[in-house]
Amino acid sequence: MKRRSFLKIAGAGLAGACAVPVAEALTHAAKTEPAPGAITGKRWALVIDERKCLTKPGCNACLQACHKPHNVPAIPDPRHEIKWIWKEQYQHVFADSVTPYTAAALKERPTIVLCNHCENPPCVRVCPTQATFKRADGIVMMDEHRCIGCRYCITGCPYGARSFNFEDPRPHIAEPTDYPTRTRGVVEKCTFCSEQLAVGKRPLCVEACEGIGCGALIFGDLGDPSSAVSKLVRGSDLARRKPGLGTSPHVFYIL
Amino acid sequence: MYNAGKIFLGLGAFAALVTAPVWYSVANGKSGPPELQKPVEGKECVEPTAYMRAKHMELLDSWRDAVVRKAEHVYVSKDGKHHDMSLTGTCLRCHSEPAKFCNRCHEYSGVEVYCWDCHQQKKRS
Chain Y
0 MKRRSFLKIA
10 GAGLAGACAV
20 PVAEALTHAA
30 KTEPAPGAIT
40 GKRWALVIDE
50 RKCLTKPGCN
60 ACLQACHKPH
70 NVPAIPDPRH
80 EIKWIWKEQY
90 QHVFADSVTP
100 YTAAALKERP
110 TIVLCNHCEN
120 PPCVRVCPTQ
130 ATFKRADGIV
140 MMDEHRCIGC
150 RYCITGCPYG
160 ARSFNFEDPR
170 PHIAEPTDYP
180 TRTRGVVEKC
190 TFCSEQLAVG
200 KRPLCVEACE
210 GIGCGALIFG
220 DLGDPSSAVS
230 KLVRGSDLAR
240 RKPGLGTSPH
250 VFYIL
Chain G
0 MYNAGKIFLG
10 LGAFAALVTA
20 PVWYSVANGK
30 SGPPELQKPV
40 EGKECVEPTA
50 YMRAKHMELL
60 DSWRDAVVRK
70 AEHVYVSKDG
80 KHHDMSLTGT
90 CLRCHSEPAK
100 FCNRCHEYSG
110 VEVYCWDCHQ
120 QKKRS
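Just so you know, the protein sequences line up as chains Y and G, in that order.
Using numbering that gives the first Met the number 0, the letters of the first sequence map in sequence onto residues 0 to 254.
Using numbering that gives the first Met the number 0, the letters of the second sequence map in sequence onto residues 0 to 124.
So that you can see chain Y by itself, here it is in the shape it has in the complex (with noise of 0.2 Å):
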């Protein structure tokens, strides 16, 4: 035999080789799809009126209505602890807002906080993995599967709206539901409730704030200009937290 027949022969052979697993990944190529209710938004955003907050002191509504279904562990230790929505005072939310005159009732006046689902979140940007990454209608979502526990978003975040597990979170989750727990070493965070967006639900936190006849939360497409929000966020003097920061959060206060 020749060395060029050889050669021809031997490339053949082997482009013949590599078509097969070709042939059978195109033919194979995995068909996903949105689940046919799904909510889908150009660009998803709450507004908090605090208002309508405080007419319920002591009310507990959205942060139950989140983190039971979600197995957001009650850990007691505070430097363990895992938020995705809470209770903070205003003078810690707010806290350029605060002058030396500001009244002591005003200061600790408790104010709902979550993540912000910020346009430029910062957390994003230091992600080493991609395990934090901003979704296309706006929302800033975790895949815990690729967190690898390095707190870089812990610390870019500055509304510490982040949790990282510290120790296992299952002793501490009373009555788990269907939904992921997350594991010791990687940092979780409201997601805006993108398990009931698929569903064709608006966030859980929501909906139990109607559910009471409050109506405190308010959710909804700022893409959609005939929406709620987006009639709020346009018409009024809404508050942002940080916004001298440039992240631009897309939770909205009526204060």
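Do not rely on the hints blindly, as some may be mistaken.
To be verified - Below, computed lysine-lysine pairings styled on DSS-like, alpha-carbon distance capped at 27 Å: (1) 241(Y) to 51(Y); (2) 200(Y) to 80(G); (3) 200(Y) to 122(G); (4) 30(Y) to 29(G); (5) 80(G) to 67(Y).
Everything labelled a hint here was simulated from the structure, so no lab data went into it.
Model the placement of chain G on the given structure of chain Y, informed by the hints.
Frame of chain Y; chain G shown alone:
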């Protein structure tokens, strides 16, 4: 050939040593793959058995990326059927006891399965 006897004896000893774990397993009745619990309800998996056996890890990876990163929850299998991409919600509906299905094979092949560190092993609702 010089020292043929010694060489063949050495080769034989070497072969015996290298294959010792196989013979050990055979002697202890662990020669074949483990017995897996067959699903009671549901005759077909989302894809054919051979594909699932070889590629379930890739399938689950694609499910995970689709659900978490693309917000897509429906898997269209080769035969056109639609499935909810959920480990707890779909896989466990038939393979209700991972300890008698996933774990047996994974232990046999020495591949750690850590899905259950986060995902629930029992569907509650």
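We went through each hint and held it up to the structure:
1. Using a Cα cut-off of 27 Å, the hinted pair residue 241(Y) and residue 51(Y) holds, with the two alpha carbons roughly 22 Å apart.
2. Our distance criterion of 27 Å between C-alpha atoms is met by residue 200(Y) and residue 80(G), whose separation comes to about 24 Å.
3. Of the supplied pair hints, the one linking residue 200(Y) and residue 122(G) holds, its CA atoms being roughly 21 Å apart against a limit of 27 Å.
4. Pair hint residue 30(Y) plus residue 29(G) does not hold up; C-alpha atoms about 39 Å apart against a cutoff of 27 Å.
5. Only pairs whose Cα atoms come within 27 Å are accepted, and residue 80(G) paired with residue 67(Y) is rejected, the gap being roughly 33 Å.
In terms of the numbered hints stated before, the structure departs from hints 4 and 5, listed from lowest to highest.
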